[in-house]
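> Protein chains in written order, with my numbering: chain A, 377 to 718; chain B, 377 to 718; chain C, 377 to 718.
Because the hints were derived from the structure by calculation, they are not lab data.
One should not assume that every hint holds.
A pair holds if it fits inside one copy or across any two, identical chains being indistinguishable in the list.
[Said to hold, decoys possible] Lysine to any residue pairs mimicking SDA-like chemistry, simulated, CA-CA at most 20 Å apart:
no.	residue 1	residue 2
1	Lys571	Glu465
2	Lys640	Gly566
3	Lys675	Asn568
4	Lys661	Phe562
5	Lys512	Asn522
6	Lys675	Ile654
7	Lys469	Ala563
8	Lys512	Gly490
The structure displayed is predicted, hence computed values, not measured ones.
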Amino acid sequence: MEFTAKMIAEVLGGTVDGDEHVKVHTLSKIETGKPGALSFLANPAYTPYIYDTQASIVIVKNDFVPEKPVKATLIRVENPYASFAQLLEMYAKTKERSAGISEKAFVASTARIGKNVYIGEFVSIGENTIVGDNCKIYPNTTIGYNCKIGNDTQIFQNCKIYDDSVIGNQCTLHAGVVIGSDGFGFAPQGENYQKVPQIGNVIIEDNVEIGANTTIDRATLESTIIRKGVKLDNLIQIAHNVEIGENTVIAAQTGISGSTKIGKNCMIGGQVGIIGHITIADEVKIAAQSGIGKSILEKGAIVEGSPAFSVRDYQRSYVHFRRLDSIVKRLNEVERKIEKEK
Amino acid sequence: MEFTAKMIAEVLGGTVDGDEHVKVHTLSKIETGKPGALSFLANPAYTPYIYDTQASIVIVKNDFVPEKPVKATLIRVENPYASFAQLLEMYAKTKERSAGISEKAFVASTARIGKNVYIGEFVSIGENTIVGDNCKIYPNTTIGYNCKIGNDTQIFQNCKIYDDSVIGNQCTLHAGVVIGSDGFGFAPQGENYQKVPQIGNVIIEDNVEIGANTTIDRATLESTIIRKGVKLDNLIQIAHNVEIGENTVIAAQTGISGSTKIGKNCMIGGQVGIIGHITIADEVKIAAQSGIGKSILEKGAIVEGSPAFSVRDYQRSYVHFRRLDSIVKRLNEVERKIEKEK
Amino acid sequence: MEFTAKMIAEVLGGTVDGDEHVKVHTLSKIETGKPGALSFLANPAYTPYIYDTQASIVIVKNDFVPEKPVKATLIRVENPYASFAQLLEMYAKTKERSAGISEKAFVASTARIGKNVYIGEFVSIGENTIVGDNCKIYPNTTIGYNCKIGNDTQIFQNCKIYDDSVIGNQCTLHAGVVIGSDGFGFAPQGENYQKVPQIGNVIIEDNVEIGANTTIDRATLESTIIRKGVKLDNLIQIAHNVEIGENTVIAAQTGISGSTKIGKNCMIGGQVGIIGHITIADEVKIAAQSGIGKSILEKGAIVEGSPAFSVRDYQRSYVHFRRLDSIVKRLNEVERKIEKEK
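If we strip away everything but chain A, and leave its shape as in the complex, we get:
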């Protein structure tokens, strides 16, 4: 699709400064803009780029005064970043699938599908499952029996939703996500292990985003719970009976062991490992690659290391670790001197 500067200015309530008929079909950064692209100038540090950019249109602040000729058409608005974000979102919307259920999908006769839903090819939706309005379910996704999916939720391709899962409104599950696989529970029995059946489920509240190939295990009893507003990156492991508090953000490849409870508004870096059966307070920040071996009860604590402790202390210790060789040499020297003085 292509849009003229005039059309875009109307959408944004801005004014055109230049050729109002110039067309764009994509969005770009100002420093790498190409003909046919629309960009924006919000941060003054990027102002020099506006004189050289190849972008066809640049959104600028109402009061922007060029110091040299500008080739691009300008659209003047109150807040260029907000206007650009608005276009980003509109652009992303145009990429979404239209409603409609593929003839090549399978929907069990007892399943109930809401209004205005997209269901792609080779999607399988099991018995008694309920899918809300305006959902989009991409090809090759499998949804089990007795699941409940809210409104306006997107589930990308090849996701695997086990029986009894509950997913809220306005959630996004990226490709390959697994919801409701068995928790890792085995009771030793001599040299072997006896499986502990996992009969709970997973509950995902509203406005949660889950990254590609992330796995969330069902509870042994009751529910593994992901509270509203949580954002999980790719390839994360959430074990059985975990609860993650509202608006907590977790970066890629982190793993959380069974029955651990994470607070609200935490920020957890990538490749962090958190042991089972502990509690992490609200607003805790955990540095990437840290290992958490016991509860963190102080709200807002910032930790690092494996096992982790206060980030400031960790970094101070690590500075010394880097020069341990010279520290040991100093100790050698001290011992030599004492020996000599005897």
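Take the given structure of chain A and dock chains B and C to it, following the hints.
For chains B and C alone, kept in the frame of chain A given last:
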């Protein structure tokens, strides 16, 4: 499904103490029990909960004597935990798919499917593959050519089994598991890399459980082998030509590099990395996030760290690492004193 | 398929020494060879095995002189390893799927499929997508809208290619790979997070291999780029706007955060974490489990640790870390002596 206290007592060979007509439809912990749930009391520490629980039925020991009135119906048995586990397993069984091959599945004409098998929608089973009796293969799973799958094995949705894979009896593969992808083998050729073809396969023995989105690469030649009773958690990486010994248990996100041989009855924590071409003895325990850079030949060794060494020594070193700043200050002070004494 | 020693010798331009009618159907290592297997002897250290091997045929150097009787048929060639590699590759080729589009696949009417392409069951190919000649797309793979896939590329089962992805020639994507999922971009908005739409794409150049269940996120704007000849192992995470230089090799479970640029011909170990918005020079080597927190600008640097520094310094520090307890005891002793002398 609902069951009365009377029906459950008969199954367990127990006796009802209270309303034998009360019905339950789910299982729960005693401290969070709700009407319609059945719970159990095995650990005396939980006894106080029995007086307040909302659970409709609680399984207790034959000799349990309440000190206060109990609202729930009691079922008295010899071993409450074992009885509860028995019900858990029966409950889990009711969730399994019934036998039957979906019309929307694809089974190659040369494939041989056993008796009483479930094959879900959009499953693809390739040429000459053999599937044993009582197997359950969930939707969107792909099984390649010349595979052999034993009896009573469950393969959940969207698994990817490459050609020539061999999977034993009573195995469980959770959603998204990959079996038999190419090992990571490339020979340098100037600045480029030449792929080393990977023509071996993967052999998984009986009673193995593999977690969601775990990947197991095929051998370059011969076989990557997962011995009987092994339990692998989610998002684990097993490289080509690895062998994992009987009843070894590995937690999530651990990676094992090529040609390494792991012993029997080992316990390996989450996010552990193990280098290639080494041997780990039987019954070795490896702490989470450890890195194993050389063979561990001592049976039953317990290690931690990256690179890992004895867990006791690691923890002692780490205690000092945490206070390295004060240790260095002490060294400064010692140097100052010696300087002064001169 | 079975081949006689005579047929194989003709292919390799070698000469048969022994029974030219003996047949083989597989390839193996010399030390584990079985009847019906062909093996090779390249490394003199393995010479003793040739007298006991059960392999039916062994490829040896032209000038090999046995010191004892050899049961196997020998094929003499100039370079046994190269000849064996040639057979490995031929064998691997025989395993590839024949061309043909399954009736159970879905190909959008606006998609364009090249010549001699294999498309397996339940593959979904979206609107306006172009697939080049000789591609092989295995069952249950989902390819979105407006994608472009070059010639001679293999995409194994259950891969998930999002809209607008570009994949080059001679690439291999193993099962479960995700290309083009949304980057992890959220702008704080009070206690909540507002999603930043991700409207860029992923570009994968020629001759790239991507391991099972690896995930590569699309750019916010413009492209995440994997340059030609890159080899990625399983379960790797590549975030939005990352660029990976030519012929760089990355081992399993490594994660690279957003907007980081990795140079050419780097070697990155397994379970490494690399922070966002940094630059790694060409030919850098990073040890397994390292954490990279700032740019590495020195070409060919070798680093280890979390955070990482020079591998030599890291290993020296780590030696001291292992004996920190005795170092602290020495410091205690020094303090005691100084105190006594007062």
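> It remains to establish, for every hint, whether it holds in the given structure.
Here is what the structure says about each hint:
1. Lys571 x Glu465: Cα proximity of Lys571 and Glu465: across copies only (9 Å, versus 47 Å in one copy).
2. Lys640 x Gly566: between (41 Å within a copy, 13 Å between copies)
3. Lys675 x Asn568: Intra 42 Å, inter 18 Å, cutoff 20 Å: inter-copy only.
4. Lys661 x Phe562: between (32 Å within a copy, 17 Å between copies)
5. Lys512 x Asn522: Both: 18 Å inside a copy, 19 Å across copies.
6. Lys675 x Ile654: Classified as within: same-chain Cα gap 15 Å, cross-chain 31 Å, threshold 20 Å.
7. Lys469 x Ala563: Close across copies (18 Å), not inside one copy (49 Å); limit 20 Å.
8. Lys512 x Gly490: Classified as within; 11 Å inside a copy, 30 Å across copies.
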